[in-house]
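Chains as they are written, first to last, in my numbering: chain F, 305 to 982; chain U, 128 to 252.
There are no misleading hints in this set.
In the DSS-like style, the derived pairs of lysine-lysine whose C-alpha atoms are separated by at most 25 Å in a straight line are:
{"hint": "1", "chain 1": "F", "residue 1": "Lys-456", "chain 2": "U", "residue 2": "Lys-221"}
{"hint": "2", "chain 1": "F", "residue 1": "Lys-456", "chain 2": "U", "residue 2": "Lys-234"}
{"hint": "3", "chain 1": "F", "residue 1": "Lys-348", "chain 2": "U", "residue 2": "Lys-234"}
{"hint": "4", "chain 1": "U", "residue 1": "Lys-198", "chain 2": "U", "residue 2": "Lys-221"}
{"hint": "5", "chain 1": "F", "residue 1": "Lys-549", "chain 2": "F", "residue 2": "Lys-455"}
{"hint": "6", "chain 1": "U", "residue 1": "Lys-169", "chain 2": "F", "residue 2": "Lys-456"}
{"hint": "7", "chain 1": "U", "residue 1": "Lys-198", "chain 2": "F", "residue 2": "Lys-456"}
{"hint": "8", "chain 1": "U", "residue 1": "Lys-221", "chain 2": "F", "residue 2": "Lys-386"}
{"hint": "9", "chain 1": "U", "residue 1": "Lys-221", "chain 2": "F", "residue 2": "Lys-348"}
{"hint": "10", "chain 1": "U", "residue 1": "Lys-198", "chain 2": "F", "residue 2": "Lys-455"}
{"hint": "11", "chain 1": "F", "residue 1": "Lys-348", "chain 2": "U", "residue 2": "Lys-169"}
{"hint": "12", "chain 1": "U", "residue 1": "Lys-221", "chain 2": "F", "residue 2": "Lys-455"}
By construction, these hints were calculated from the structure, which means they are not laboratory data.
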Amino acid sequence: MTKEDDRARDEFTSEAEELLETLSRDLVEFESQGRDVRPEVVNKIFREVHSLKGLAGMLGFGEISELSHSLEDMLDRLRMGKIEITKELIDLLYDAVDSLNRLVIGINDPAMGGLVDITGLTRRIHQLATNQPHRTNEDPFADLTLDEQTKKSLTEYEEHRLLENVRTRNHILAVEVRFDFADFDERLRALTETLSKAGEVISTLPAIDGSGGTGIAFRLLYGSMLGEEAVALLVPAGQVLSLRKHEVPAAGASEVTAAEAPEEDRSLRSISQTVRVDISKLDHVMNIVGELIIEKTQLDSLTRSLHQGEALQQARVTAHELTKIARNLERKLNELQRSVIETRMVPVGQIYSKLSRTVRKVARELNKEIELVLRGEDTELDKVMVEELTDPLMHIIRNALDHGIEPAEERVSQGKNPIGKVTLTAYQQGNSVVLDVTDDGRGIDLDVVRKAAVKRNLIAQHEPFDQRRAYETLFTPGFSTAAVVTEISGRGVGLDVVKRNLQELKGSIDILSVPGEGTTFRIMLPITLAIIQALIVRAAGEQFAIPLTSVEESLRIYSRDIRTVERREVFTLRDFTLPLLRLSDAFHLDSDRDESPDAKWFVVVTRSGEKVAGILVDALVRQQEVVIKSIGERLKTIPGIAGATEVGEGEIVLVIDVGTLIEQFGGKAREARAGVLV
Amino acid sequence: MKVLVVEDSSSMRAYLTTIIEGGTESFDLEIVEAASGFEALKTLPHHKFDAILTDINMPDINGLELVSFLKNHPVHRAIPIMVISTESREEDRKRAEALGAEEYLVKPFQAQDLIEKLRRLLKVA
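Next comes chain F alone, as it looks inside the complex (with noise of 0.2 Å):
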């Protein structure tokens, strides 16, 4: 062998292992998405394989590249529609993956390759992908206006996608838009992360800039439920189009006025679909699963221990063992988890009908005409979080009729519809549901806040005062713009016990405000407290958990890269002036750190709604699930702390409460990549 071969074949083999690690962590994410998986997480499974499969095959591996050469044809027919997901297939992939990894082990250690079963695999695989042949011929360009070059661009895959969506009776959607040429990978990319999260991006095609100027164009083929308006607000800088010919209802979301909600046949299904439990039972299943989890958690760390001393090869082939051994665990533990959850889970469609009845009252004493429009209602959440949710949505709705709806005649003469219009929107956004209510009413007038707030002494007189500020103002205790408090929405509760009731739920509220056109408030809520997924993190020689849903992202950064702006420590991510914060400062913990212009330190970068902080750490440990226990009377008053969680080894680490941490030491509102109108 030549060094090149050498050099190659070391390459190879540490792409293959990093390749295999995260298709592991794909495939988990797959299994528990389950029939409904997205079709982006099949398609990375399968450019992963697909990968894998080309390295193998350049560099000879005649093993790995036929094994992944079965695999990669069975997850192209999957990822194309021609094969269902079943639990054998999930299995197979398992099994396939693992023998995989032994392969790529075995390139170094000839004893862990040899126990592969490559015929039997092949043959399982061969079957699986060759068992139920559906092909359909249908032209998914039959109904679109789709420019040549457009079409002549998508892959086979993209095509298949297109067709998929015209099937599900999507709205086909170009999207335009121009960008920098400094930034547009970065811009791309989050504008592509927000359409994800109501439809599928199929293709993204560049093209020259055509207005002259220095940047770039991309058309984006997006199949989504929401109309040709609805995204154009998504995307406020540019184009979009609607490519079918023929409009067709969209069939993602329901929507059932409150005047036709039948009710009848609601109450009906829950007959016969549900079964009463105690949730004090569920709650002990719960702790059973959470010390399961603890449990896996040991197990993890004793692998990584052999892991670490790999001295013997025996040592190896045991970790291997382990890993394999936890990772079925972890299967069945998510198995378990998701089951108790469910059966813990309700629709929030169970207090639609009190809500629409308080709007029909509401309506009435107010003397205005209202429509509510409910949809969403078969999303699900825990239910104990939908009885807590009842009250703040009631008053966010009561809310919007009585500030936000203007009365018929001022509607009118403003040319819109004088029945007033609230929606109610719930969906599915990751770990979270995301509730919205909005009305087409007056919006949010920075003025009146500004005086009211005045009025009240809760700002200075010339105080700067913008849109953010106002939006703040708005949830301080003792705030009301109301001339004379209505006898509707004015019960001595403000919008401020409403967001200390929905941080109470780890929940969070935000407004979305255009004057003249109406208001949002979003409500955005965890499925269930109970476990996490977590950063777990290094600092002041103590470990914290920081909820991964809380973090953004995490970056390296040297002592020199801090900056101090308004005797604040601040560091400059992009465009963008961090505030920093560090967890010793918070906590009142001793640190005797390196602050030499070269010292190392991790930055976690956090939201909360739409404020953004990063946490100063040592070091990065690990991401892992937690078990979140609630601590004592005492620590509960300290800010900044959700709970305590055991990481293994009965390690108790504490769990950070992004919200009100980033609330007591500061952060900065950024304008939320997503679906922001102000």
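Chain U: place on chain F using the hints.
This is chain U only, laid out in the frame that chain F set:
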């Protein structure tokens, strides 16, 4: 002369670079690497390339989309392109051809094949 290699797998990229460097010692060739379609787009204005080699299967924007962009660009359309695909992706290879890519190379390939096709693209004997 200058060649752009667009490939998201780092070891495949290193492998391609090694082969090209080894096979083109007789003439002065500079290789610029891009790990994604985005990186390729960013690199373009800063160099004058004599040929571009691209993989198809990449995140963000794929090889076909990159070819489509290049072949419709008033300046870059003249740069000859070699698309490197895998034998199982015959359909995508046809599409690259329709978009105007000049050469195709199927993985796994012989080093000699790559060099010959590259020489054809660069019009060096």
